[in-house]
Each structure stands twice: as C-alpha cells, then as structure tokens.
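> Read off the chains here:
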Amino acid sequence: MPMSQDQLWYKDAIIYQVHVRTFFDTNADGIGDFRGLAQKLDYLQDLGVSAVWLMPFFPSPLRDDGYDIADYFSVHSSYGNLEDFKSFLQAAHERGIRVIVEMVLNHTSDQHPWFQESRKSQDNPKRDWYVWSDTDTKYHGVRIIFVDTELSNWAWDPVSKAYYWHRFFSHQPDLNYDNPAVREEMWKVMKFWVELGVDGFRLDAVPYLVEREGTSCENLPETHAVLKELRAKLDQHFPGKMLLAEANQWPADLRAYFGEGDEFHMAFHFPLMPRMFMGLKLEDRKPITEILKQTPQIPASCQWCLFLRNHDELTLEMVTDMERDYMYDQYAIDKHMRINVGIRRRLAPLLDNDRRRIELMNGLLMSLPGTPIIYYGDEIGMGDNIYLGDRNGVRTPMQWQGGWNAGFSGADPESLYSPLVLNPVYGYQAVNVESQKRFDHSLLSWMKRIIKVRKANPVLGRGSIEFLYPANHRILAYVRQLDKESILVVNNLSSTAQAVELDLRRFKGNILIEMFGRNIFPRVGDLPYLLTMGPYQFYWFRLRKI
Amino acid sequence: MAEESILTDEFLRQLIDVGEADVLVGVPTYNNAATVGQVVQTIRAGLLKYFPRERAVIVNADGGSRDQTPELVRGASINDLQHSTDLTALRTLHSISAEYAGGPATGTALRTILASAELLRVSACAVVSPESTTIEPEWIERLLRPVYKGNFDFVTPLYRRHKFDGLLMRNLVYPMTRAFYGKQVREPYAAEFSFSGQLASHFLGQEIWTHEVGQAGTEIALTISAITGGFRLAQSFLGAKPHVDARAADLVAAMRQTVGALFWSLEPNFSVWSAKSDSQPIPTLGAAQEVTLEPLRINRKRLFSMFRSGVAELEPVLKSILSSSTLTELQRISALEEDDFLFGDELWARTIYEFAASYHKAVISRDHVVQALAPLYRGRAFTFLVENREASGEQVEQNVEDFCMTCERLKPSLLELWNGRK
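First to last, the protein sequences are chains E and B.
Residue 547 is where the first sequence ends in the working numbering, and the numbering goes up by one at each step.
Residue 452 is where the second sequence ends in the working numbering, and the numbering goes up by one at each step.
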C-alpha cells in the first residue's frame, strides 16, 4: 500500500505507540525485537494505524527504559541490529505505515562515551558537551521533575570532582546546547536516521535543552532557537519529515513550540488528557471545554497530538492542586497506582474495564481536534501491574493469545523482560488479540471500525471545531467542519441516560446520518434538535443537505 | 381532577438540565435585587470552597420580582460561558430561577425548592434568605455538611444576635415550641436551615400545603414536622444575623406566621406534644448562641402604651379567650405605672396556653385569636427589655432559659384546657 505523498500526512495519521521490547520476540530470549515487530506489521495494518512511534531502541544501560541513550547511531543488541531495523522500516513502508522514532535530545546516559570523555578532565574536548559546575547552587529554584527519586537537579561526579546538571534521573546528564558542537552532533544523529528512511521524530523532553540563571530553565527562547535550527535543517534536506514535541506544559507555553510553523509540526496536548478523564468522572463537560478554550490557535501546518494513555504515568502536572487531588482520589486510591506527579495505570483499569467508557474515551480521542495516538495493548483493553515498580506496570508484554507467554515469546516465562499480566480479569488468558479477532463485537474489532471511520473522514483530522453548549452539561457536543463537510459529535459523559436539546438551527434542512450504522436521523428544523442518549453513549453524525 | 403542578414547564426544563445533584441551596425571593446578588455570590463561593467535587445547584424560587432578582441569581452560574474568577471550580455549577404562580408566598417558594430537591435527588438542601447580607461562605458549609456528611436530617441555625433582637423568638416561639414538642431548637422559625433529601420528600407529603401555613409560617411548620417525624436534628452556628428594625416589622404578620402556625400544628400533632413533659437539647455544631450587647435604641414607651390600649380595647375579645383570673391579672398590671410594670413569666406562659386552647376550640375566629395576642406580647416584650436593660449576654440567656422552664412546668394546664376540664 503506497504512502500518501501529502506533506501534511501527520494530520490524518493514526499513530500506534510501541516499544520494540514489548511487542514480539522472535529469538526466544524473552525480549521483543525488530524482527518480531516486522512480523506483526500485518496486525497493525489490519488495525488500521498509519504510523508507528517507536520508543527508544538505541544501545543503553536501560536504567530508564531506553531514555538513557549510550549510542545514537545503533540499535540495542537485545532488539536486533541496524539491518533488522532497516528491514522493519521497509516492511512498514510497504504497508503504508510510517515510522516515527524517539529521539532524546536533552540528555544522554552517563554511560555514553561523550559523558565518559567529558568527566575525565576539565581540559577534555568533550568537557563542554555537558553542564558542569563547581557548586550545586546554580539555577537555584528550578523544579525537580522526578520528585520521587531525585533531591536535586545537580549530581556530584566523584571522577571529575564537579557537579553536573540533570533534569531527570542523575544517571542522565543534560547535554549543553550552548555548545555548537553538541547541536551539530545531534543534527548528525537525526540526519543518520532520516537517511535510513524514518518519517519523523518524537523529540523527548524538549523544554529543558538550555539553562539560564534566574529562570525556570524551561521553554527558554534559546531552547526554541535550537529547535528552530534543527527544523530548518530538516525542512531543507528532508521535506515531509515530521517533528513531534514532548513538552508537558500549559497550552500557552506549548504554543511557542509550533513557532510560526517553523518549529514543531505536532505537540502533545498534555493538559487535555487528564481533563478527559476528569470530565468523565465528574460527568461534566466543563474540564474539557475549558481547556480547549484556553488552547491557542496554532499555525495551519501544525497539529495537536492527542492520547489517552502512554508509557509514562498519567501526568497530573498540568492540572490545579484541586484537580490533582480529585484525580488521585478517583483514579488512584491505592498509593501503588501513583508515581511522581501522576498515575501509572493503563486505560482499561483506569476505566474499571467498562467497555462503554473505554469506547467513549476512544471516541473522544478520535473526534477531538488532533492526531490520535493509541498505546500498544489498549486496543484490546490490556491491564497493568502496579506492583512492578517505576512505570513498568504499563510496559508488560503484548498479549497475542492465551497460550505460552501470551504468544509474545518462546522463552521460559521466568526469562521474560517483564512478567506477563496474570490477573484473571486482565491477564492474557482473558485479554488477547487472538480471542478478540474471533468476534465482531470485541474491543479490538470495535477499534478497527472507529479507526476506519476516522480515516475515511479527513474532517476529523483537519477540520475546525465549534462547541455547542446545550444546557445539559453532561453532554459534550461539537461540530467539526472542513470545507463543505460537517460532522456533529455528541457525547454523553454521564453514567445515566440523558436527554439533550441541541441548537442546530444553522444547519436547518440538513439530515443527520449516523456514521457507524449509516442510519438516517430526522431532518434539522427550527426547533431544538432532541436526542436521547444512553449511558456513556456517543454519536457521530454527518450533516448532509440533500 | 389532578392537582396542578407547582413547577412550570420552563423550570422543569432547567431541572432536567441540572440532572441529579448532591447538594442544593434554595433562595426564595421577591424583589430582592438590592441584596440577592451578594448573597448568591457568597453561596457560590461557599459551594466552590467546601463542596468542590459535589454536584451542586442554586435554585431560586421567585414570587414574580419586577427588579433584576432572577437575573442576578442566574449570574452565579459557572458554565462554559461564565467562569469563576475567585476559586477554581471542577464542574459546572447551575444557578437556576423559577417564577412560581400565585404571587409571592414563602410557602410556595419553599415548596418549589423542596420539589426541586426531591426531583434532583439531592442528599442535602439548604435554604438561605436573600436578605442575609451578613452571610459568609462558611454558612453554606455549616448548613450543608451536617446533613451531607453528618447524618442529620434537619439543621437549624444559631446566630450571633443582639440581646434585643429576636424578641418574639425569645419570648414566645422558642420557649413554646420547646415546651410543646420537647426539643430545644433555638431557632425553630429561621430564614436559614437545611434538610436531607429524605426529609424533603417527607415535607412534601405533609398536609400543610393546602392550609394557610403552607403559604406563610411554613418554616416553623417544617421544623415541627421534622421533630414530630422523628428525624435527626441539629443546630449549627452560622454567625451574625443582620439586625431587623423592629419598628419596620409587621408584628401581626409575624404573629400569624409563627404563633398561628405553632397553634395550628397542635391540632394534628396532639398525640405527640401531649406526651412530652420536658425537653431535650439537640446537638449543637460550632459555637452556642452568641449575644451581643452594643447599644440599641428601642421605643419601649410605645410598646407599653400599645399593651395598655390593647388590654382595654380588646376586653370583649380577651374575655372569650382568657380565663377570668388571667384577664383580671392582665388588667391589673395594665393599670400599673411604667416603672412598676412587670409581665412575669408565669402570667405570660399561662396567657399563651389559654390562647392556644382557645385557638383549638375556635372560640372566635382563629385569626382573631392570634391577632389578639399581639398587644399582650408587646407588654411582655416591654418587661423583657426593662429586665434585661443592664443584663449581660449570659444573664439574658439565663432569663430565657428560666422562662422556658416555666413554660414546661405549666404545660399540664394546657392539657387540662385542651381537654375542656377547666
């Protein structure tokens, strides 16, 4: 299947996030690999995704799940080699699936040769590749991100007898982007992978690249300058490639990462995600409409990335204290479920495995403005294991079938990189791809249908949004429009049946066509349009003037 | 023929939009634009501060205001278009308004609020006066929390009042409610109170709505209904009650709403009150009743002269209501000079009981019975003012307590009168 040549391909994409390690193991060593991922591309094609976002697969001591990179130009031996990657990439492209790779710009592993050189002596040519200081008092007051494990953003290096700056774990020293050599080297890294054929990068932790005294050391103009420089080079040499920003910031701060269409193509909408969960629990659209109203306009070529869950905790940094307390009480009453400033749980357990709520949340994901990202396993309702430590509980092996190791690996179960989910409700015997493929009404089959509808309607990826404000606040309703296409989306956030009257007068004369069953609903007239909705029900209607 | 609904279609539509709620604050209004804006904004702040997670709604039952009262109430909503600037709200806060039919009547307003509470299936509902300009956000918490979390069904307020405020309450309504029904509810006729959803349904099922007390005096009827229904009662300290200028208040109307409703309640509740021989305190949350002592100008002379003229002019009426011994004693004290005048506890308690019995027997029009008590009450109020002129807050409270005990002690005389043996 050929890939679209449209340079704005990311606007219509359905992205599937996966870690090579978790997906499929072909050499029975207990760890997923690129050959396995390539074998499962048919599954992803059948699901309907149009891009795969690969989490870090580079050589690494794996003290932070690969976000501690020790070599940017190779593949971790557990996952195969560069040739395996190339084969996978080619196979993906043959199926019309683009590949986005993770790139950690902000820091390296302390095992990276650059850092090993840098720490050797103050005269080392690589010394200035990292941020060193004789004291731990510089940049005083800058927040610590991993509050559960780190006491300071500075760590003492006994080899070099100096402090080095790290915004994340202390084994992840920050690179010094004031040094032109670092910027040039990171461009070389990106160029290397683009020349192999990757379609875009998800750039990790971008707000923290540059430090300045007296600031929060986040979102600084100098950081934006670095990013713009990378984007300009990418556009110049490799048009059509995409940059996706991971910047866990408020919408107003996030806006700057799009620049004037000359920085990132896409950015995650972090503040929206927890508010979708909040709106569902409160049975009130207010958190969602409020944050989207605060969301600034972005350049025409840019796009938000939406997600429900990912490999990290459900971050609660971008909510108020009151909202955070509410989220903890509602979604993470067990302290094991909490980590850093967030909740380490998968989608299905967060929603009490309630199929109606899972569908509603996916319906929102696919119909709100932005490009949706599906976290691997959420399409079948995989569970988690909150007792595994760090965020490993949401990074367990993919559950392919109910047999040996869930069909993930032929290795001894004890040698798997992570225990399988064994819970009777969420365990692989109960939740797996093979069993769900057999039934039209499984979650997997339903996900395929909604993805198909979404892909068939570019208005959902590219259209404008206009909220309707029916008096019933449990109903979240909006119209997506692109050129002459209009889609009305109506969501009942409540656990009970609701009646709602919608003011559709400006669509008078249109008939409503329900987009999943293609059934016709009454024509819009002068009176408020009355809908009755079951618990957590949602409708997508195409508005047609016939 | 089916009884006509008190809820208009428009109001029902608003209730559908609100949906199920956890807590409700009702505000009965009629041309209260001067004060209601401040009151609902404070209610809103209280709901946001103390019930941020609960589904809350403010319900205004309006008697047909011609000022901006309903608009001011609706302005307290927090929704997609109206945001809260002071406190962060997790969810939508509806503030809805309904004009009920039949013209302004507190009872109809309360019934509308009760019906809203039942339809929205709220756990706790508070009623707040649109004139309570001293309201603080904490009032909302102190009213709703004991019901919402504390397992109480009915919560009445305690206020910080001047020692000469609430004279009718201190000299008649409180002591008599307590003596009749055996519960020491300090403010049985209050502008602020709260109740559970269960009690709201119970109230709605009462007979009062087709009677006069269902229009005026409903508040005390609700208190009595909560007591006689065996619901769990508490009283919660709110804070300062705004001073009401006694000269401006219509005493006869107030007597009808309180004494009239109280006397009326004795009929259907005979089996309850006749079995009570003493009274029990109810749980008090927060501070006890507080008394302030700042100087206050009250025209005592006018009270005295109205008492005197009332005793003289109403002699034929009083003859049909009171026993000869009581009337003679009243005539005796009405002849005294102001400095020697004393309308003592025993005589006043006996007088009220004889009025209650006469109301029961309808010796004359029941409304006339209630009206005839007004001038006598003025004499008692005069004595209260004189006796407590120099009294401390504690002394005032002790004097009220002494009178309550007198009422309880003399209650058997009412039973005798009621049964017609005397």
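Calculated from the structure, these hints are not laboratory results.
Quick caveat, the model's predicted, so the values are computed rather than measured.
Where hints are given, some of them may not hold.
[Said to hold, decoys possible] Below, simulated EDC-like cross-link-like pairs (lysine to aspartate or glutamate); rule was C-alpha separation at most 16 Å, straight line:
{"#": "1", "chain 1": "E", "residue 1": "Lys449", "chain 2": "E", "residue 2": "Asp43"}
{"#": "2", "chain 1": "E", "residue 1": "Lys162", "chain 2": "E", "residue 2": "Glu185"}
{"#": "3", "chain 1": "B", "residue 1": "Lys331", "chain 2": "B", "residue 2": "Asp370"}
{"#": "4", "chain 1": "E", "residue 1": "Lys438", "chain 2": "E", "residue 2": "Asp47"}
{"#": "5", "chain 1": "E", "residue 1": "Lys162", "chain 2": "E", "residue 2": "Glu223"}
{"#": "6", "chain 1": "E", "residue 1": "Lys438", "chain 2": "E", "residue 2": "Asp137"}
{"#": "7", "chain 1": "E", "residue 1": "Lys234", "chain 2": "E", "residue 2": "Glu214"}
{"#": "8", "chain 1": "B", "residue 1": "Lys79", "chain 2": "E", "residue 2": "Asp322"}
{"#": "9", "chain 1": "B", "residue 1": "Lys79", "chain 2": "E", "residue 2": "Glu324"}
{"#": "10", "chain 1": "E", "residue 1": "Lys192", "chain 2": "E", "residue 2": "Asp236"}
{"#": "11", "chain 1": "E", "residue 1": "Lys294", "chain 2": "B", "residue 2": "Asp110"}
{"#": "12", "chain 1": "B", "residue 1": "Lys79", "chain 2": "E", "residue 2": "Asp43"}
> Evaluate each hint against the coordinates.
Verification of the supplied hints:
| no. | hint | in the structure |
| --- | --- | --- |
| 1 | E:Lys449 <-> E:Asp43 | holds, 13 Å |
| 2 | E:Lys162 <-> E:Glu185 | violated, 28 Å |
| 3 | B:Lys331 <-> B:Asp370 | holds, 13 Å |
| 4 | E:Lys438 <-> E:Asp47 | holds, 11 Å |
| 5 | E:Lys162 <-> E:Glu223 | violated, 28 Å |
| 6 | E:Lys438 <-> E:Asp137 | violated, 56 Å |
| 7 | E:Lys234 <-> E:Glu214 | violated, 29 Å |
| 8 | B:Lys79 <-> E:Asp322 | holds, 13 Å |
| 9 | B:Lys79 <-> E:Glu324 | holds, 13 Å |
| 10 | E:Lys192 <-> E:Asp236 | holds, 11 Å |
| 11 | E:Lys294 <-> B:Asp110 | holds, 9 Å |
| 12 | B:Lys79 <-> E:Asp43 | violated, 54 Å |
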